[in-house]
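Listed below are the residues making up each chain.
There are 2 protein chains.
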Amino acid sequence: MKIAILGGDGFVGWPTCLHLSNAGHEVHIVDNLSRRWIDTELGVQSLTPMDSIQERCRIWKEVTGKSLRFHLLDLAKEYERLKQWFAEHRPDAVIHFAEQRAAPYSMKTDRHKVYTVDNNVGATHHVLAALVETGIDAHLVHLGTMGVYGYSSVGAPIPEGYLNVEIDTPTGKKGQEILYPTRPGSVYHMTKSLDQILFQFYAQNDGLRITDLHQGIVWGTHTDQTRLHPQLVNRFDYDGDYGTVLNRFLIQAAIGYPLTVHGTGGQTRAFIHIQDSVRCIELALKDAPKRGERVRIFNQMTETHRVRDLAEMVARLSGAKVAYLPNPRKEAEENDLIVKNDQFLALGLNPIRLEEGLLSEVVDVAKKFAHRIDRSRVPAVSAWTKELAAQVDRDPERKALRPAS
Amino acid sequence: MKIAILGGDGFVGWPTCLHLSNAGHEVHIVDNLSRRWIDTELGVQSLTPMDSIQERCRIWKEVTGKSLRFHLLDLAKEYERLKQWFAEHRPDAVIHFAEQRAAPYSMKTDRHKVYTVDNNVGATHHVLAALVETGIDAHLVHLGTMGVYGYSSVGAPIPEGYLNVEIDTPTGKKGQEILYPTRPGSVYHMTKSLDQILFQFYAQNDGLRITDLHQGIVWGTHTDQTRLHPQLVNRFDYDGDYGTVLNRFLIQAAIGYPLTVHGTGGQTRAFIHIQDSVRCIELALKDAPKRGERVRIFNQMTETHRVRDLAEMVARLSGAKVAYLPNPRKEAEENDLIVKNDQFLALGLNPIRLEEGLLSEVVDVAKKFAHRIDRSRVPAVSAWTKELAAQVDRDPERKALRPAS
Ligand SMILES: NC(=O)c1ccc[n+]([C@@H]2O[C@H](COP(=O)([O-])OP(=O)(O)OC[C@H]3O[C@@H](n4cnc5c(N)ncnc54)[C@H](O)[C@@H]3O)[C@@H](O)[C@H]2O)c1
Ligand SMILES: NC(=O)c1ccc[n+]([C@@H]2O[C@H](COP(=O)([O-])OP(=O)(O)OC[C@H]3O[C@@H](n4cnc5c(N)ncnc54)[C@H](O)[C@@H]3O)[C@@H](O)[C@H]2O)c1
Chain G
1 MKIAILGGDG FVGWPTCLHL SNAGHEVHIV DNLSRRWIDT ELGVQSLTPM DSIQERCRIW
61 KEVTGKSLRF HLLDLAKEYE RLKQWFAEHR PDAVIHFAEQ RAAPYSMKTD RHKVYTVDNN
121 VGATHHVLAA LVETGIDAHL VHLGTMGVYG YSSVGAPIPE GYLNVEIDTP TGKKGQEILY
181 PTRPGSVYHM TKSLDQILFQ FYAQNDGLRI TDLHQGIVWG THTDQTRLHP QLVNRFDYDG
241 DYGTVLNRFL IQAAIGYPLT VHGTGGQTRA FIHIQDSVRC IELALKDAPK RGERVRIFNQ
301 MTETHRVRDL AEMVARLSGA KVAYLPNPRK EAEENDLIVK NDQFLALGLN PIRLEEGLLS
361 EVVDVAKKFA HRIDRSRVPA VSAWTKELAA QVDRDPERKA LRPAS
Chain U
1 MKIAILGGDG FVGWPTCLHL SNAGHEVHIV DNLSRRWIDT ELGVQSLTPM DSIQERCRIW
61 KEVTGKSLRF HLLDLAKEYE RLKQWFAEHR PDAVIHFAEQ RAAPYSMKTD RHKVYTVDNN
121 VGATHHVLAA LVETGIDAHL VHLGTMGVYG YSSVGAPIPE GYLNVEIDTP TGKKGQEILY
181 PTRPGSVYHM TKSLDQILFQ FYAQNDGLRI TDLHQGIVWG THTDQTRLHP QLVNRFDYDG
241 DYGTVLNRFL IQAAIGYPLT VHGTGGQTRA FIHIQDSVRC IELALKDAPK RGERVRIFNQ
301 MTETHRVRDL AEMVARLSGA KVAYLPNPRK EAEENDLIVK NDQFLALGLN PIRLEEGLLS
361 EVVDVAKKFA HRIDRSRVPA VSAWTKELAA QVDRDPERKA LRPAS
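Heads up: the protein sequence lines correspond to chains G and U, in order.
Per the numbering used here, the very first residue in the first sequence carries number 1; after that it's consecutive.
Per the numbering used here, the very first residue in the second sequence carries number 1; after that it's consecutive.
Hints were generated in silico from the structure; no laboratory data involved.
In this text the structure is predicted, and so the values were computed from the model without any measurement.
Treat the hints with care, as some may be off.
For chains that are exact copies, the list does not tell them apart, and a pair is met inside one copy or across any two.
Once the Cα atoms are required to be at most 27 Å apart in a straight line, the calculated DSS-like pairs of lysine-lysine come out as [as the list claims (entries may be wrong)]: (1) Lys286 - Lys368; (2) Lys83 - Lys386; (3) Lys330 - Lys290; (4) Lys340 - Lys286.
Build out the structure end to end from the sequences listed, making use of the hints.
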């Protein structure tokens, strides 16, 4: 298959490119490298030393003999070039990772809110409009997030995308299938909720074949392919904006800093290992919906944990302490989360569990690259509202933990 | 009150400005005049001769002694200027009409799809982000559409915005209130579905006070204020893109052309007179939600009709014939539509009925300005998909009806 991987230079995109190239597909990376620019804006860098995309592709060719082609293109700003690109390359499948993906970054300032909405809605809508216009019947696989549902649900298991509801009609109750209602908790998550509506429309009006993967937090660094050469290493974000909760715990542990839990740490989140994420994408890719079918939605996660339990797990492995700080996010302090992932299990997924994989992250990644850590960048600084920002600022414990700058 | 009327140069916006200025409010019109540019693009013009916005404001001052201030600003493209504008003027209320509002225009080509999404999502999101950033606690009243729900529902009465559903949980069924699920049938309608998600988020995260008016098709031309002077006249669109079904019937009748019904004409639509629309907006404006309240949603319509019944009504008044053509839209041939509008009735709305008001539209508007009609612009030309476009093109009856060009 000829596969276009939009956002193929990113954290999940890069190992996906290698995995699919390794499996024999013709892989094209389309990326505007905005994520590298954001590193520059924030003055942060991946913990793992990351080469340019051109250099990464060269190494892959050297190691495996397989080609990866890179195309510099802004999906949100260059609609006409995107359309030309599709018309010229006519991919069999398109995997769409190309969005601004950090909730804290999306809440930093109004400029960041506006950027996130423009970039994410722009990229997704342009891909859809260009597929219709060029008449390319490619399977579009998009990465969404579990977080789109919010985390203050009634405690019901989250089904895979759809909900059957009963509606009162003059002739009695009638059943109807609807998109599972969303309640996004950040501007970033909100853009994924907007994406869903775009997908529903284009599947219905134009028969586009779309799979939306509602993914949990991806953890882990290496996959079978990134291990093949040091310069194929995946990125590892640990800063307060892009570092997910687990990565930040690992880094705090590596530098002997307390693990900072927001609020009570009672927030339950869904997780998946990067190797499983890549496998799931391949499984979903093979299992394409037919023209005219509704959007296929999978929950792409393998386990759930409370944040404080994660902190304790990392503390146990590393000897670190746990510190509780006020929460800069607007969210429920404690929530349950039960997620159905029957579809991927049925397709044969056999997950890597946190309990098994975590030690390797501590030793092979966090400790190995500890000398590269910039400790001033670990704390989360974006607050969800001005009131929360002020509250977080006043907290004495947070002040005490903040490194001198 | 100081009121910012975004899109105040448009068909619903202009009479709203006059109505609220007349009621003693300080009215500021913010508009980029894109609707006038689209007239130029399409080579069409309002049936009623429409002056520049500057001239309209001058006449209003002359007739009533009251000021209307006009500000040229693109809400979707000039975020920083919008923010400055809010910071300087600090309005008590904001009424948001400023979106591309024609479904056929939104489906013309991929360029029009992209424009409609960028413009509408951009305008709405920028208004929300700028209100939060400037800390202005204005009541935001937005114009949405009934069409957001699609027209192939299970025949249940459409409630005002929300639906109570029951969700299975491990401890039994639990009730939950959700946004009434949408199923938009065009890119234009889809943008209103996206707007809803933006409103839900900003009301929840930032406590913005928002009212969303899900409006039916607005008919009629004059209000008490537009009648005061010929140069205050409202616009009347009759072209295949912007002319709503009723306006196009009126024009066809005035030029002795058959009334062209798409498909069986079994589509049921909701309607409201422009005078009632303006009154509803004033009622909603006064009844602002409190900070932290969910988005208040009203169905702003007063009656429903099947398209073929409308055609017959106009035929009866004018002696015109009715012709049935293939439908360029992707939609159900026949649908029922039951809409709740209890909230506006409770606030005292006493509607103008189509049966009563239609004759005046035939005589005072369509016949009066019949000499200005460009008959080549009446047929609808935008098709929802390429297949439908080809089908519509092949139809012999449609060909016969098409004026020689
Ligand atoms: N990492 C996670 O834990 C996680 C969890 C759930 C969902 N996801 C989703 O998976 C996808 C990939 O996540 P990631 O962690 O790899 O993110 P990432 O930021 O590392 O990668 C995204 C890539 O897309 C590119 N990009 C962004 N906007 C673009 C545009 N307009 N044009 C072209 N390229 C553009 C960036 O340069 C970057 O290389 C995202 O959509 C994200 O929302 C990620
Ligand atoms: N007319 C109807 O029958 C009807 C029915 C349901 C809902 N609505 C909604 O009511 C609102 C007003 O409808 P209308 O019929 O008056 O439309 P209109 O096109 O006549 O007016 C919209 C106005 O907004 C302005 N505008 C558009 N984009 C802008 C931007 N980016 N920046 C600044 N100004 C911008 C246009 O120049 C125009 O003056 C729309 O949101 C529409 O969706 C209308």
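Comparing the hints with the structure gives:
{"no.": "1", "hint": "Lys286 - Lys368", "verdict": "neither (37 Å within a copy, 63 Å between copies)"}
{"no.": "2", "hint": "Lys83 - Lys386", "verdict": "between (41 Å within a copy, 17 Å between copies)"}
{"no.": "3", "hint": "Lys330 - Lys290", "verdict": "between (40 Å within a copy, 19 Å between copies)"}
{"no.": "4", "hint": "Lys340 - Lys286", "verdict": "within (21 Å within a copy, 45 Å between copies)"}
The earlier numbered hint that this structure contradicts is number 1, and it is the only one.
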